[in-house]
Structures are given as structure tokens and as C-alpha cells.
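With the hints as constraints, model all of the structure from the sequences given.
Residue numbers (the numbering used here), protein chains in the order written: chain A, 8 to 271; chain B, 8 to 271; chain C, 8 to 271.
These are computed hints drawn from the structure, not numbers from a lab.
Each hint should be verified, as a subset may be incorrect.
Straight-line Cα separation of at most 20 Å, SDA-like style, residue types lysine to any residue; simulated pairs [as the list claims (entries may be wrong)]: (1) K24/B <-> P195/A; (2) K146/C <-> R22/A; (3) K146/C <-> P195/A; (4) K146/A <-> L20/B; (5) K144/C <-> A62/A.
Fair warning: this is a prediction, and the values are worked out from it, not measured in the lab.
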Amino acid sequence: MLNKENLKRDLALVREKSPLVHNITNYVAMNFSANALLAVGASPVMAHAADEVAAMAGIAGALVINIGTLDAEWVESMIIAGKSKSSAGGVVVLDPVGAGATSYRTEVAWRIIEDCHPTIIRGNASEIMALVSADVKSKGVDSSCSSDAAVDSATMLAKRTGAVVVVSGEVDYVTDGERVETLRNGSPMMPLVTAMGCTASSMVGAFAAINSDAFEASLHAMALMGVAGEVAAKGVAGPGSLLTAFVDTLYNITGDELADIVRQ
Amino acid sequence: MLNKENLKRDLALVREKSPLVHNITNYVAMNFSANALLAVGASPVMAHAADEVAAMAGIAGALVINIGTLDAEWVESMIIAGKSKSSAGGVVVLDPVGAGATSYRTEVAWRIIEDCHPTIIRGNASEIMALVSADVKSKGVDSSCSSDAAVDSATMLAKRTGAVVVVSGEVDYVTDGERVETLRNGSPMMPLVTAMGCTASSMVGAFAAINSDAFEASLHAMALMGVAGEVAAKGVAGPGSLLTAFVDTLYNITGDELADIVRQ
Amino acid sequence: MLNKENLKRDLALVREKSPLVHNITNYVAMNFSANALLAVGASPVMAHAADEVAAMAGIAGALVINIGTLDAEWVESMIIAGKSKSSAGGVVVLDPVGAGATSYRTEVAWRIIEDCHPTIIRGNASEIMALVSADVKSKGVDSSCSSDAAVDSATMLAKRTGAVVVVSGEVDYVTDGERVETLRNGSPMMPLVTAMGCTASSMVGAFAAINSDAFEASLHAMALMGVAGEVAAKGVAGPGSLLTAFVDTLYNITGDELADIVRQ
Numbered sequence: 008m009l010n011k012e013n014l015k016r017d018l019a020l021v022r023e024k025s026p027l028v029h030n031i032t033n034y035v036a037m038n039f040s041a042n043a044l045l046a047v048g049a050s051p052v053m054a055h056a057a058d059e060v061a062a063m064a065g066i067a068g069a070l071v072i073n074i075g076t077l078d079a080e081w082v083e084s085m086i087i088a089g090k091s092k093s094s095a096g097g098v099v100v101l102d103p104v105g106a107g108a109t110s111y112r113t114e115v116a117w118r119i120i121e122d123c124h125p126t127i128i129r130g131n132a133s134e135i136m137a138l139v140s141a142d143v144k145s146k147g148v149d150s151s152c153s154s155d156a157a158v159d160s161a162t163m164l165a166k167r168t169g170a171v172v173v174v175s176g177e178v179d180y181v182t183d184g185e186r187v188e189t190l191r192n193g194s195p196m197m198p199l200v201t202a203m204g205c206t207a208s209s210m211v212g213a214f215a216a217i218n219s220d221a222f223e224a225s226l227h228a229m230a231l232m233g234v235a236g237e238v239a240a241k242g243v244a245g246p247g248s249l250l251t252a253f254v255d256t257l258y259n260i261t262g263d264e265l266a267d268i269v270r271q
Numbered sequence: 008m009l010n011k012e013n014l015k016r017d018l019a020l021v022r023e024k025s026p027l028v029h030n031i032t033n034y035v036a037m038n039f040s041a042n043a044l045l046a047v048g049a050s051p052v053m054a055h056a057a058d059e060v061a062a063m064a065g066i067a068g069a070l071v072i073n074i075g076t077l078d079a080e081w082v083e084s085m086i087i088a089g090k091s092k093s094s095a096g097g098v099v100v101l102d103p104v105g106a107g108a109t110s111y112r113t114e115v116a117w118r119i120i121e122d123c124h125p126t127i128i129r130g131n132a133s134e135i136m137a138l139v140s141a142d143v144k145s146k147g148v149d150s151s152c153s154s155d156a157a158v159d160s161a162t163m164l165a166k167r168t169g170a171v172v173v174v175s176g177e178v179d180y181v182t183d184g185e186r187v188e189t190l191r192n193g194s195p196m197m198p199l200v201t202a203m204g205c206t207a208s209s210m211v212g213a214f215a216a217i218n219s220d221a222f223e224a225s226l227h228a229m230a231l232m233g234v235a236g237e238v239a240a241k242g243v244a245g246p247g248s249l250l251t252a253f254v255d256t257l258y259n260i261t262g263d264e265l266a267d268i269v270r271q
Numbered sequence: 008m009l010n011k012e013n014l015k016r017d018l019a020l021v022r023e024k025s026p027l028v029h030n031i032t033n034y035v036a037m038n039f040s041a042n043a044l045l046a047v048g049a050s051p052v053m054a055h056a057a058d059e060v061a062a063m064a065g066i067a068g069a070l071v072i073n074i075g076t077l078d079a080e081w082v083e084s085m086i087i088a089g090k091s092k093s094s095a096g097g098v099v100v101l102d103p104v105g106a107g108a109t110s111y112r113t114e115v116a117w118r119i120i121e122d123c124h125p126t127i128i129r130g131n132a133s134e135i136m137a138l139v140s141a142d143v144k145s146k147g148v149d150s151s152c153s154s155d156a157a158v159d160s161a162t163m164l165a166k167r168t169g170a171v172v173v174v175s176g177e178v179d180y181v182t183d184g185e186r187v188e189t190l191r192n193g194s195p196m197m198p199l200v201t202a203m204g205c206t207a208s209s210m211v212g213a214f215a216a217i218n219s220d221a222f223e224a225s226l227h228a229m230a231l232m233g234v235a236g237e238v239a240a241k242g243v244a245g246p247g248s249l250l251t252a253f254v255d256t257l258y259n260i261t262g263d264e265l266a267d268i269v270r271q
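Now the structure itself:
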């Protein structure tokens, strides 16, 4: 079970230490993810040049690799950065956006897993299932099935890779291959804000930068995402307003509110 | 004339079928266009890698090619995706952003037209006129003339290319070279939200994915854009709020409201 | 001291002339900067293709080069555009995002300075100091020190390069190497909106496009940024709302309000 005191401690630590989170992420997510990280107190940087990714990853508390708008050159930079970060013992988060939608994405995701040994992998149900079974097809970047269906795949993926695996959806699952924790906050409107999942991966990076227990850090980051989405969705007129309210909520939420509202 | 029952049917179909819309679009538009598509019920994906664009276009209901922040590599991906999609009989929408601003943009737009045979071309007045007459110069990506001035060019372009051509502006025009339909909704504040035109092109893709009559689909998508912009603009404090309210309106608007408010 | 009548005149001129501002800027900033420029009355264009940057810069009132998400190919385009613009006597604004965070960024910033002779350089304290002293390290793209600490560096940089140098922070400084002007508006929440600094650089471009006195233009643009941020921050719930309110304020603010609220 999630330890509420530790959850509050980690939110306070993110705000106090303002960890630098190096994102090699997609064009759709960059602005929203940066604003979410700033709102919670972290310090985002986006950098993808092969000439500097190792240096930038080196000064960051976590590296987040997101393949949402990948291409051959960016993949090379992701690999350079990821290898450098993991070989130095640092935190690497992988978001395998659209794995299963095209074979290229599935292959690139696996190449990153094998070369960069991510600490944490976070995806939606289709993506996590597609990494484990070649039979699963994603519809673009949106999940075509519920997160419940992906728990077994997540456990297998965690065992096979040594990564903590997070499946986000109506229920979020966090597993290290042995333990499985659930989180039951959020709002049905959250998937209608583009890059909400990508932002969750960046948030996982921020928490893993200040808590060396990757399992607990992932759980805490996903708790914050779900609670902030749930709080923000109250009374908003639609997903446009939710985007704004979500960032405001990350800025305003207290540790006590977070601990009170989180449900497992 | 626009058939209001068909308009309502198409809005319902987009929400029901949630068509996958593959966008190869510009960096400025990506987030807003994705949020607008999600809000209306479609499923956006942004993907530009030469290694996967044909596969991604193949599983999508429509491909939207937008040259707003083009470069040589992206153009090659646009051509690969567009050729693949059109040769399979699929829907290709072209947004020739900034045609006429530089000769490079005009040339690339024509290359895409000739290689990919777009089903629908949507632009502002300057862009559509620049595609027909080399004498027309655009000021960057904003139109320097009213949409009325572009009706003849739009008709000529439609006849020459076989595409449905949409000119957006204070009055929107939709033509297949024979018929010309008008739409008279919207707000003067809409052009102050960047990528509103790009988002219109993506919306056209969503409707063309569920209605094989490209002329009617274009008319319906533009009707929704104009009505949503007009509704959203009521009472907002400025273009920042309009962006948010526009996305919320796409999410909330009913078919009856849309049919009531649309004006030709 | 800032001349309030000239400040009002320049805001009116931006709205009247709607200068085309050509941005080669980072992926995080593009949407927000475009919306801010549109809201104030300018006409933004984002274009980075080597095939067209000289042509696009040639028709623009100002070129803004921002290295936030640089890579080797984009840097070549920045240099082509900047050389072309400055050799024709045009306005070039440089935003050396993240200078000091990696040596690559510092080197690229200097290469642009030497090749393109920027009219104006705008950065945060860490960035400006890092350009002058190799000992200064930035933490990603956020400043690690107050703007006061960078005044000497700014003056040295202005003398060495011939550019007007702007340091933004709690107090903004504008210097041409001899004169130093301060601006004391803003809100502590402004740095929590990503790309606020990048947008300031684009705003400087808009004002420098209509006022050939680069020192005064920079002062006026930064006055508008600080005042709009301060006005917008009143009563907002957090940085998500601030982004929206900031754009709305740029759209609504009058010259008289601007002149009344500005503090030096």
C-alpha cells in the first residue's frame, strides 16, 4: 500500500529540490509537460541534439525518453542519452508512445529498452501489451483496451526488463514484477487532453529524481497525476479548461490534500 | 445548400466512430489540433518518420498534410505518406500553409498536389490564390486579403486538381469546381488564435474519414469550426481564453445547436 | 528613463503595422510565442528550412533566433537566416536559451553572435553570465541566479558584441554597454509559465521591427511583457491560468494602462 507520509514527503521534496528533468519527448507534449513540471516545482529541459544529450542528461536528475514523434535522428539521440544516463546509474524513464500502432514504434521501443535499460516504463494498456505480444495492435496513440487487461503484460514486462512498469488508464497499475499497486483517481476527461500520458511520464521522472526507490516514486507521481486530474476536472466546462485547471492544481495542491484524496 | 440532418449525422458519426486522423503537421499546431480533434471525439496521431508514415497513414481514416514548418526531410515523409494514402484510395487533406510567402512553399505545395492528389485542399485566401497565380504574395502565414477575393482561384484550383477546395476567412467557401457553398459563422478573434486554420484542416480530415462525400464532409467540418468559434468567442476576454473555450465548445456542442446556429 | 509617450506610440505602431516576425525558435515556445505575438497585433511566422529561411527573413520586420531546442541542422538554418538578415541591415534578436547548461549551447550561441551580429541579445541571468564567463553553469534553461548579478556581464557583452543586451528576471535590465535601464514589473509566477522568456525575445523582435532604436524597442517590449504579466497574474489560480490571462492581457491592454503601470 501507498504510504501517505512518504507521498507527502516526496511532493515536498520535488518542490524543495526542483529536480532538473531532461525530456527527449514529442512535439505535441513539450509545452504541456514543461508547464506541468514547472507547476509542481520541477525544472524541465527539452534537448535532443546528439551533440549535447549526454551532457544534458548528465546534469539532470532524470532522463525521460518519449517516442511520440520519433524519427531516425531523434532515436539515435535517445539512445545516446539513455545509454549515457543508465551507465552512470541514473534514472531513465521510457514512454513507448504508440507501440503496437506501427512495427517501427514497437521495434524502437525495444531497442531503447535493450540499449538503455530504463528504470521505469510508463504507457497505456495497448502500448504495454504490444511490447509483450506482437499480436496487440494500438489505434494510433490512444489505448484500445482497459488498463485491467494489461496487468499481466505489465508484470511480464517488468520481470523481463527489470524496470518498474506503469500502466495508466481508468485504474493505474504500478508493478515491479512482484508487487502490483493500483491507483483509482482521475477523470474520464483526462484522456481528452492530449499528452496527459506523456506528462505522467515526465512527472514520474521528477519523482524518481528525488526518490531512489523507483517503485515508490512511480506510485507517488501517478497518485499526483490522478488526484490533480480529478480535482481539476470538478466543474470544468471541457477538456480545454481541464488542461489549464490541471496545471493550476499541480501548483496549488498541498501534501495533505493529495494524501486525503488518493484512492487505491 | 447544407443539409442540416446530414450535418448532425456527421457530428454524431465522428463521435461514434472516433476516426484516427494522421497528421503530418507543423510544430505550432500540433498540440492545439490534437486537443481539438480529441474534444470533438476523433483520435489524432502525429507521426512523420519516413520509416512509419505509410504504415500509420494506412491505419488512419484520413491523412492531413500541413506544410507550416516544412523542411526537406519532412517533405519527403509527406510525399511518402500522401502517395501511399491516395494510391490506396484514402483521404488526403493538404493545408498549403504560407504558399506565396516563399517560392519554396509554393513549389512544395504543388509537388504534394501532383504526387499525392489530395482529396481536399484547405487554405486562407492568400494561400489559395498563390497556388493559382505566381503574382500573389502572402505575408508569412496570415492572409493579406479577404476570402471573397479567392473564390475564382479556388474554383480554378478545384477544376485543375480534382480536389475539393476550402477557403477560410470571414466567409468560408467550399467548392468542387462546379458548386460553391458559403459558411458565414465565426468570430473576428479566431485568426488571433494561432493554428486555427491548421486545426480546421485536421477537422476536415476527421469528417472526411466518416463521410466519403468530400464536398459535404468539408462543408460540415467548416460549419463546426465556424459555429464553435462563434459560440466560444461569446464573452471571452481575449484570444487566450478563446483557445480554451473553443476546445470546450467542440466537446459540448450538440448536433441541434450546430444545426441551429450554422449560417450560409 | 523610459519615455511613456514613446512607449504608447510603439504599442500603437505594433498594432497598426502588424510586423511580420520570423521566429526560428524552439518547439516548446512556438505555440505560446505565436499566440502572444498575434494577441499584441504582430504577425508571427515560424520557418526553419534551409531552403527558405533567407527568403522568409527577407520579408520579415525582424528575425528571432532562439536555440532552446537546437540541433546541428537547425543551427545551420539559424546561421543562414541570421547572416542574410544582418547583412541586409535587418533586425536579428538572439535568445541563447540554456547557454552555460552545456558547452554545446554556449558555443552555438557564440557562433551565432559572431556570424550574425545580433541587434539584440535577450536571456536570463545565467545565460548572459555564461556567455561572458566560462565558469558560469546554468541549470538547464532556468536561471540559477538573480538578474542583478548579471548586470556587469550584460554590459560587457553589449560592449563586446555591439548588441543591446536584455537580462530578464525579477528586475529586467536593458543595456547598450553604456546606458542601463531597469524595469520592475512582473510576477513571481511568470517563470512558471514555460517559454515566457522566449516569448519576451519574440516580443522584442516585434517592437524592434517598428522602432529602429533597438535600445528603446527592447525597453518597450520588456515593459509590455512585465506589465502584462503583472496585470494577468492578479487573481489567477496558478500558472495554467496565467498563460491564458497573459495572452488576453496583451490583446486588451491600452497604451495608457501600460504607461500607468510600468515601473522603473
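Hints, verified against the model:
| no. | hint | result |
| --- | --- | --- |
| 1 | K24/B <-> P195/A | holds (18 Å) |
| 2 | K146/C <-> R22/A | holds (16 Å) |
| 3 | K146/C <-> P195/A | violated (37 Å) |
| 4 | K146/A <-> L20/B | holds (18 Å) |
| 5 | K144/C <-> A62/A | holds (12 Å) |
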